[in-house]
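**Q** If you read the sequences in order, they're chains A and B. To convert a position in the first sequence, counted from 1, into our numbering, add 215. To convert a position in the second sequence, counted from 1, into our numbering, add 7.
Each hint should be verified, as a subset may be incorrect.
To be verified - Derived Cβ-Cβ restraints for the label pairs, each shown as a range: (1) B:D459 / A:T251: 14 to 24 Å; (2) A:P242 / B:R294: 15 to 25 Å; (3) B:E383 / A:A252: 46 to 56 Å; (4) A:Y249 / B:R390: 31 to 41 Å; (5) B:P465 / A:E314: 30 to 40 Å; (6) B:R390 / A:M216: 28 to 38 Å.
Unchecked claim - Covered, in the sense of this in silico footprint (three residues per stretch, anywhere, with C-beta under 8 Å from a C-beta of chain A), are these stretches of chain B: (7) 214-223; (8) 226-237; (9) 420-430.
Stated by the list, open to error - Over 12 Å on every C-beta distance to chain B, these chain A residues come out as not near it, computed from the model: (10) R217; (11) D238; (12) A245; (13) A248; (14) R253; (15) P256; (16) P276; (17) F277; (18) L315.
None of these hints come from the bench; they were simulated from the model. We put the beta carbon where it would ideally sit given N, CA and C, even for glycine.
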Amino acid sequence: MRLDAIAKVIRSKNAGPRLLTLDVMLPDAATFAYVTARLEPLRRQVAQRYRVSENEVAVLPFEPALAVKITLAREIMSGDIGDRDVYGAQQHAPLLDIEL
Amino acid sequence: MTAIARLFDDFGRRRRPLRSLGASGQLGYGIPTPAFEAGLARAPDMIGVDMGSIDIGPAYLGSGKMAPTRVGAKRDLRKVLRAARRLDIPLIVGSAGSAGARPHLEATLEIIGEIAREDALAFRMAVVAADVPRPALKQAIAAGRVRPLDTMPPLTAADVDAAANIVGQLGLEAFRRALEADVDVVVLGRACDTGIFACIPSMLGFPPGLSMHMAKIVECASLCCVPGGRDSILGVLDDEGFELESMAPNRRATPSSVAAHSLYEQADPYEVREPSGRADLRHVTYRAIDDRKTRVEGATFEPAERLTLKLEGAAKVGYRALLIAGAADPHFISRHEQIFADVACVVRDLVCEDTVEDYCLGFRLYGVDGVRRWAEPPAHMPREAFVLGECIAQSPERAEEVIRTTKQYLLHHGYEGRLSTAGNLAFPFTPPELMIGEAYRFNIFHLLDVDDLARLFPVEVHTLG
């Protein structure tokens with residue numbers, strides 16, 4: 216299943232100037248369970264698409280909002296020379312077609 | 008009697024739930040009047056507004072300028088100031104002027120002074136600046152009392168000298184000292200947004216975990232609702248929990264929308280941190296009161312083992328000049344990487360005949376890699392693309408020289424397989440070069456161990472009107 220077919224929200228934003236945090240919110244408990252049963256493949260694909268090693272990707276389920284939070288270091292600090300997204304609000308796109 | 012004294016007097020006679028009105032998530036961009044007035048009609052005990060954030064990037068902290076316009080900031084400050092005086096309740100403003108350094112704070116205080124004069128308002132105001140003294144910070148580095156945050160390198164004395172402004176995120180404690188000066192209005196430089204709404208509850212003895220959790224949500228106004236938005240929100244706190252209700256009838260605070268707010272711009276959704284400690288959200292429950300109101304319970308507070316201050320600093324890296332153009336030639340678009348690299352060499356050879364390369368020139372091709380450096384090229388190249396050239400140099404003149412030279416040679420560069428030999432770029436207007444001034448980067452994002460916050464960040468009291 217493609218992530219953008221099952222999620223209700225897929226978004227990215229800075230968590231401070233050095234980190235990028237990605238939220239995948241799911242519509243119901245069953246989908247949340249489906250995704251949380253596949254956190255390792257999710258982490259692997261995120262690492263590949265964001266060009267970081269797997270141990271640099273933190274994946275945290277957040278049951279109260281039926282969400283999975285993914286946090287990784289930004290390639291370039293927010294607003295530094297060469298940065299392309301100061302707020303980090305458009306860095307979610309590589310997640311959309313992840314197959315789980 | 009001041010507004011804060013009146014509130015304490017009222018609570019001294021009868022303990023009851025505390026009503027906090029979160030006027031706006033970021034002051035200066037407009038406060039929708041219907042929801043704000045609806046909030047005032049609910050007899051709030053205080054009004055709070057946050058003016059800042061680090062998310063807006065290093066330029067504001069570095070340059071000392073506000074993110075919104077002065078007109079926008081004045082319009083919104085007038086709205087909250089008049090309301091607070093009309094109801095005779097405390098107004099608390101955090102992260103004055105966007106980045107909360109001395110120039111931002113001064114600009115905010117100047118606007119408040121103007122409003123007080125123009126509208127004949129009289130009040131007492133406590134102010135706490137958040138600027139970190141450089142000698143004290145250098146001593147702290149030498150004493151090993153400064154640690155990097157996230158992936159930052161260790162802080163050096165040279166970083167401290169290079170920073171245009173250095174602020175510390177003041178917490179609850181600073182807001183509290185400001186209120187203890189017996190005032191109507193509190194304005195802080197850079198501050199944790201939670202302090203704005205957690206300080207009065209802390210002085211009234213409400214459970215600190217609940218207060219901080221509510222503060223973290225209310226400071227973003229109605230962002231925790233569906234649909235999320237900028238309208239004012241009311242948070243009603245008691246000793247067991249708090250209730251949230253947007254003051255805009257179409258925005259609903261639901262258990263899942265409120266829970267989801269904990270994810271926003273936070274690496275860890277289970278905690279809210281501030282200098283004095285953290286709220287632990289692991290055992291929080293969210294319950295619908297009706298379809299527009301949610302009750303939240305269960306956050307606990309863990310005091311920090313030692314007081315720490317989150318530091319932010321921005322240093323000038325030079326002056327920025329831009330080139331704006333478009334392209335519709337498939338050969339140009341598909342070969343852009345090579346073309347940009349070749350033109351950068353041509354430019355360097357021309358502008359660096361008798362000097363080393365003393366600038367930084369880069370290109371983004373929107374449609375292909377403007378927004379991120381993708382791991383793979385796109386399956387299909389776009390029909391049109393937008394070219395953004397950017398030069399950062401040590402003087403505005405040098406940046407302009409490089410970008411204007413780049414424009415000429417990118418326009419006429421004769422690349423392999425070129426058909427459109429009259430020009431490679433479509434300029435939407437001329438001149439297509441823009442000189443946009445000073446460029447900054449964050450060079451400080453560190454944690455400082457502190458003992459005596461009151462000595463570093465004293466309260467100033469102003470009497471207006």
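**Q** Are the hints correct? Go through all of them and say.
**A** Hints and how they fare:
Between B:D459 and A:T251, the C-beta spacing of about 46 Å breaks the proposed range 14 to 24 Å. Here the CB-CB span from A:P242 to B:R294 is close to 20 Å, well matched to the stated 15 to 25 Å. Restraint check, B:E383 to A:A252: a C-beta distance of roughly 28 Å breaks the suggested window 46 to 56 Å. A hinted range of 31 to 41 Å holds for the C-beta pair A:Y249 and B:R390, which are about 38 Å apart.
Between B:P465 and A:E314 the CB atoms are about 58 Å apart, so this pair departs from the stated range of 30 to 40 Å. With their beta carbons about 32 Å apart, B:R390 and A:M216 fall inside the hinted range of 28 to 38 Å. Against chain A, the region 214-223 of chain B contributes 0 residues with a C-beta closer than 8 Å to a partner C-beta. That does not satisfy the three-residue criterion, and the hint is violated. For a cut-off of 8 Å, the count of residues in the region 226-237 of chain B with a CB near a CB of chain A stands at 0, and the three-residue condition is violated.
Proximity of the region 420-430 of chain B to chain A, defined as three or more residues with a beta carbon under 8 Å from a beta carbon of that chain, is not established by the 0 residues found. In this structure A:R217 is separated from chain B by more than 12 Å, as the shortest Cβ-Cβ distance comes to about 16 Å. Not every CB of chain B lies more than 12 Å from the CB of A:D238, the least distance being 5 Å, so the non-interface label is violated. Distance check on A:A245: its Cβ is at least 15 Å (rounded) from any Cβ of chain B, clearing the 12 Å threshold; non-interface status holds.
No Cβ of chain B approaches the Cβ of A:A248 within 12 Å, the least distance being about 16 Å, so the stated non-interface status holds. Once the 12 Å rule is applied to beta carbons, A:R253 is consistent with being away from chain B; the minimum gap is 19 Å. Non-interface call for A:P256 relative to chain B: holds, since the shortest CB-CB distance, roughly 17 Å, exceeds 12 Å. The beta carbon of A:P276 is not kept farther than 12 Å from every beta carbon of chain B, the shortest such distance being approximately 10 Å.
With a closest Cβ-Cβ approach of about 5 Å to chain B, A:F277 is found to fall inside the 12 Å limit, against its non-interface label. For A:L315, the shortest C-beta to C-beta distance to chain B comes to about 19 Å, beyond the 12 Å cut-off, and the non-interface label holds.
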